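Single-letter residue listing:
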Amino acid sequence: MNCQEFWNTMPELAHEAEDGHLEHLGECSACAALLNRQRTLASGLRMLAADWRSVEAPARVESRLTAAFLGQAGLAVRRPAARWWVPVATWAAAAAAVVALAVFLTRDRPVVPAHRTSSSGVQLAAVKPPEDLETPGDSSDADNDFIPIPNAARIEPNEDLNLVRVEVPRSAMIALGYAVNEDRASEPVEAEVVLGADGLARAVRFVE
Amino acid sequence: MIEKPMTPNLPETDDQLLVRMRRGDDQAFVALYRRRQAAIYRFVLHMSGSATVAEDVTQEVFLALIREQCGYDPQRGTLSGYLFGIARKLVLRHVERGRSDVALETDMESSAPPQLMVNDNPLTDLIDREGIEALRRSVLALPRRYREVVVLCDLEEVDYGEAAFVLGCPIGTVRSRLHRARALLLEKLSQRWHHRPGVGALKPIRCLI
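These protein sequence lines map, in sequence, to chains A and B. Quick note: the first sequence uses the working numbering, first residue 1, plus one each step. Quick note: the second sequence uses the working numbering, first residue 1, plus one each step.
Hint data in this document are derived by calculation from the structure and do not stem from the laboratory. Only a predicted model underlies this, so the values are computations on that prediction, with no experimental measurement involved. Check before you lean on any hint, since a few could be wrong.
[Unchecked claim] A partial selection of chain A residues facing chain B, derived with a Cβ cut-off under 7 Å:
(1) G44
(2) L45
(3) M47
(4) L48
(5) A49
(6) D51
(7) V55
(8) L65
(9) F146
(10) I149
[To be verified] Straight line, CA to CA, 20 Å or less: simulated SDA-like cross-link-like pairs of lysine to any residue:
(11) K188(B) with A33(A)
(12) K188(B) with V98(A)
(13) K188(B) with D159(B)
(14) K188(B) with Q4(A)
In this text, a Cβ means the ideal position worked out from N, Cα and C, and glycines have one as well.
Construct all of the structure, not just a fragment, from the sequences and the given hints.
Here you go:
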């Protein structure tokens, strides 16, 4: 067996060398050294693979995909008859939450009675965007991100989420820190709303 | 008394989970996702060197599955192979767009401690953490067609038949690319070792302790 034949017939580094191969390795120190280096490399690759075995996608990917799956399944797939009320209840809760969200986002500032001036600061703070809120100037991807609803509960990992698309007045964007042209404030804008397992809105993203 | 035969509680196959998922069973989708996401994520991370790209592509792969855009046919290959195939196409698209700027590469280049030990054989370094990291960087620096076979076959332990399915080439091509890829890796590791600051530039000094 020559060197060419040796390498042509022995591509699997994990396999033990057969008699013919062993004979060649005994005769050819160059092939023996190269095979030894290749086996060390294979061992290093196995260690690299083991080192990375615990690496996985962040939990938020599963949350987003589950919401997308539920959205898709709710529109395209019929549930078994025995559980017909589940989607009805889910969508009823979602609709109620969307109405509540729309009211929250579009309501005018409350008229503060003269004798309660001290509470006006609290009312304004309630609609002030949170510290970690990304505003359109923060990053180039901000338009694609969901914005947490002020004072809403946090989205927990593995929480069952629903995603619904609604139309709200453009003025609703003001409450979330966007600059809106006053002339177009009454025009509708499409938004995607993430609903938690309790049916309450958690985050919103403006589509346009 | 009639004894019931013992039936082992075997986990559902990917195809069984997919059937349940197609009926709208979210638990089946979650089970399938949890079973397959890590390998897809790691594949993209090794191919692109970017955690952002890996996250985006992993999400897009499973979105394609949800939307039934992958055209999966169990007669032609495994679901795992299909998912790798979609991931491969998407990561290539990202690379072509120039969005895959090797973030891990730059992070780790700057933080890598200088090597002061002088060793006659660069491959013996593979047993330590720096050596493993150097190997990861060498994999990332391979030309794409060689990198993908190393990542699939050596790191994700996909068999040659499935790798051929993912890459759309004969098994023989997978074997030859893998052989060439390993030779390139050995070459790159040797070059890296010879260019280390410790080799040639440093001389042994007296120990003061």
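Legend entry - Hint validity - V55(A) Cβ closer than 7 Å to any chain B Cβ: Holds. Min distance 5 Å.
Legend entry - Closest C-beta approach of G44(A) to chain B relative to 7 Å, hint status: holds, 3 Å
Inset, instruction - Verify the interface restraint on A49(A): the C-beta must sit less than 7 Å from at least one C-beta of chain B. - result: Since the shortest Cβ distance to chain B is 5 Å, the answer is holds.
Legend entry - Cut-off 7 Å, beta-carbon criterion: hint that L45(A) touches chain B: holds, 4 Å
Inset, instruction - Go through the hint on F146(A) and say holds or violated, using the shortest Cβ distance to chain B against 7 Å. - result: Not OK, violated: F146(A) not within 7 Å of chain B, min 14 Å.
Legend entry - Restraint satisfaction for L65(A) [CB to CB of chain B, less than 7 Å]: holds, 5 Å
Legend entry - Pairwise hint evaluation, D159(B) against K188(B), where the allowed Cα distance is 20 Å at most: Not OK: K188(B) and D159(B) at ~25 Å, beyond 20 Å, violated.
Inset, instruction - Using 7 Å as the Cβ threshold, decide whether D51(A) counts as touching chain B. - result: With a minimum Cβ separation of about 6 Å from chain B (threshold 7 Å), the hint on D51(A) holds.
Legend entry - Holds or violated: K188(B) to V98(A), with C-alpha atoms at most 20 Å apart: violated, 58 Å
Inset, instruction - Compare the distance between the alpha carbons of K188(B) and Q4(A) with 20 Å, and conclude whether the hinted pair is satisfied. - result: violated, 23 Å
Legend entry - Residue hint L48(A), partner chain B, criterion CB-CB below 7 Å: With Cβ-Cβ at 5 Å, under 7 Å, it holds.
Inset, instruction - Closer than 7 Å between Cβ atoms is the bar; does M47(A) clear it against chain B? Give me holds or violated. - result: Where the cut-off is 7 Å and the nearest Cβ of chain B is about 6 Å from M47(A), the hint holds.
This entry does not satisfy hints 9, 10, 12, 13 and 14, going by the numbered hints stated previously.
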